[in-house]
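Colleague: These are the residues of each chain, in order.
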Amino acid sequence: MEAVTFFIAAGVALAGACGVVLFKNPVHAALSLVGTLFGVAIHFINLEAYFLAAVQVIVYAGAIVILFLFVIMLLGVDRAESIRTEPIIGQRHLALLALVALLTFGVLIGVASNGEVTGVPPQEATYSPLEGGLSIDEAIKDSTGKTIAPKENIREVGRSLFSTRYVFALEITALLLTIAVIGAVVLTRRPKGEPEPLPEDDPPSIIRSADNETDLHSATNEDNGSVVDMEANESGKNSSEELGVSSE
Amino acid sequence: MILGLSIGPEYYLALSALLFTIGAGGLLIRRNPLVMFMCIELMLNAANLAFISFGKEMGDLGGQLSVLFVLVVAAAEVVIGLAIVVAVMRRRPKASVDEVSVLRG
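Top line first, the protein sequences correspond to chains R and D.
Counting the first sequence from 1 gives a position; the working numbering is that position plus 138.
Counting the second sequence from 1 gives a position; the working numbering is that position plus 1068.
If you are wondering where the hints come from, they were derived from the structure by calculation, not from laboratory data.
Be careful, since some hints might not be right.
[Said to hold, decoys possible] A short, non-exhaustive set of chain R residues, derived as facing chain D with CB atoms under 10 angstroms:
{"no.": "1", "residue": "L152"}
{"no.": "2", "residue": "C156"}
{"no.": "3", "residue": "L160"}
{"no.": "4", "residue": "P164"}
{"no.": "5", "residue": "L205"}
{"no.": "6", "residue": "F208"}
{"no.": "7", "residue": "L213"}
{"no.": "8", "residue": "L232"}
{"no.": "9", "residue": "L234"}
{"no.": "10", "residue": "L240"}
{"no.": "11", "residue": "E294"}
{"no.": "12", "residue": "R303"}
{"no.": "13", "residue": "I317"}
[As the list claims (entries may be wrong)] To be clear about the criterion: a stretch of chain R counts as covered by chain D if any three or more of its residues have a C-beta under 8 angstroms from a C-beta of chain D, and this derived list gives those stretches:
{"no.": "14", "segment": "167-177"}
{"no.": "15", "segment": "180-188"}
{"no.": "16", "segment": "194-202"}
[Claimed, not checked] Label pairs and their computed distance ranges (CB to CB):
{"no.": "17", "chain 1": "R", "residue 1": "V319", "chain 2": "D", "residue 2": "S1074", "range": "40 to 46 angstroms"}
{"no.": "18", "chain 1": "D", "residue 1": "L1073", "chain 2": "R", "residue 2": "V323", "range": "19 to 25 angstroms"}
{"no.": "19", "chain 1": "D", "residue 1": "V1154", "chain 2": "R", "residue 2": "Q229", "range": "22 to 28 angstroms"}
{"no.": "20", "chain 1": "D", "residue 1": "G1076", "chain 2": "R", "residue 2": "L314", "range": "33 to 39 angstroms"}
{"no.": "21", "chain 1": "R", "residue 1": "F208", "chain 2": "D", "residue 2": "S1074", "range": "38 to 44 angstroms"}
{"no.": "22", "chain 1": "R", "residue 1": "T143", "chain 2": "D", "residue 2": "V1154", "range": "35 to 41 angstroms"}
Treat the numbers as computed from the prediction; the structure is a model and nothing was measured.
From the three backbone atoms N, C-alpha and C, an ideal C-beta is built for every residue, glycine too.
So here's chain R without its partners, still in its complex pose:
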């Protein structure tokens, strides 16, 4: 039964992962990411990590993917990206090579070790709780002596999280989240008293800079001018906007 669950969930997860890479529309990619996350959550349940399965669904599928979709809709970038154009010459071949090498490495590690993946026989790992850390075996002994039920898993995760072994990392995590919230607010804040910058819709009269290096870089993107030209044009046209942003 575990095998059937594993293969079904693995199929869902891999199909979703392929969908993330191959779908041209970012909205479709985000939705197939949900499939991958659900598949991984099923694997978590299969591995008896019940709390993390719930957290995976709530945090990833409920918060992060929604954030992705929100940003996609906010920016209106849900137009299809042509997957055929290769921005950097030879990048596809290098990516394919790296992909094959990585896959071979991972599967070799999984298969060639012949069952002894961790080097320790299962359920014989003597884990010494240094400062209050709990192993799963101890959790069985600490509770009523039965096997771990789902609520026991949640209880033991909570107890380990607030034990002296992990509580400092937990506090640092809280600090990290605070910094992330402040950073997000600062980054997306629009400066006061300044109109919204106009979208650059590729003006035909781009003033070419005299440098030679602008022409070197303009070879890659042919449709909307080179980056340096856009920079020069923008800084020449509305320099007050540049000042306003940089002084922020």
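Guided by the hints, dock chain D onto chain R, whose structure is given.
Modeller: For chain D alone, kept in the frame of chain R given last:
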């Protein structure tokens, strides 16, 4: 036949390697910053799967706790990354990641 198969950690590690590889390949291939962030999430999920698989094999709860911390870091990373994407896209709506190169050395 498939019912009696016992799923060891090597199956989970192979699946984790596959997921990580797909994520890394997508990160190298796609040029949309949002899709690139999704591929980073794929790689983080593969690492989480390996963490929990090892944690179960070793009989240790530390694998699950590491996954919890990875989740928090991934959430913070997504928040900051999407804020940067919004800030960049607001100024130049057609930008792909190759065009944001002002800080090029």
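Colleague: It remains to establish, for every hint, whether it holds in the given structure.
Modeller: Hints, one by one, checked against the model:
1. L152: Given a least distance of 6 angstroms, the restraint on R:L152 holds.
2. C156: 6 angstroms, holds
3. L160: With a closest approach of 8 angstroms, the R:L160 hint holds.
4. P164: 5 angstroms, holds
5. L205: Holds: closest Cβ of chain D sits about 6 angstroms from R:L205, inside 10 angstroms.
6. F208: Cβ of R:F208 sits 9 angstroms from chain D, so the hint holds.
7. L213: 5 angstroms, holds
8. L232: The hint holds - R:L232 has a Cβ within 10 angstroms of chain D, the shortest such distance being about 7 angstroms.
9. L234: Constraint on R:L234 satisfied, holds at 8 angstroms.
10. L240: 5 angstroms, holds
11. E294: 6 angstroms, holds
12. R303: 8 angstroms, holds
13. I317: Constraint on R:I317 satisfied, holds at 8 angstroms.
14. 167-177: holds (count 5)
15. 180-188: Check passed, 6 qualifying residues.
16. 194-202: Coverage by chain D holds here, the residue count being 5 at a Cβ distance below 8 angstroms.
17. R:V319 x D:S1074: 40 to 46 angstroms: 45 angstroms, holds
18. D:L1073 x R:V323: 19 to 25 angstroms: With Cβ atoms ~51 angstroms apart, the hint is violated.
19. D:V1154 x R:Q229: 22 to 28 angstroms: Given range 22 to 28 angstroms: holds, Cβ gap about 26 angstroms.
20. D:G1076 x R:L314: 33 to 39 angstroms: 35 angstroms, holds
21. R:F208 x D:S1074: 38 to 44 angstroms: 43 angstroms, holds
22. R:T143 x D:V1154: 35 to 41 angstroms: 39 angstroms, holds
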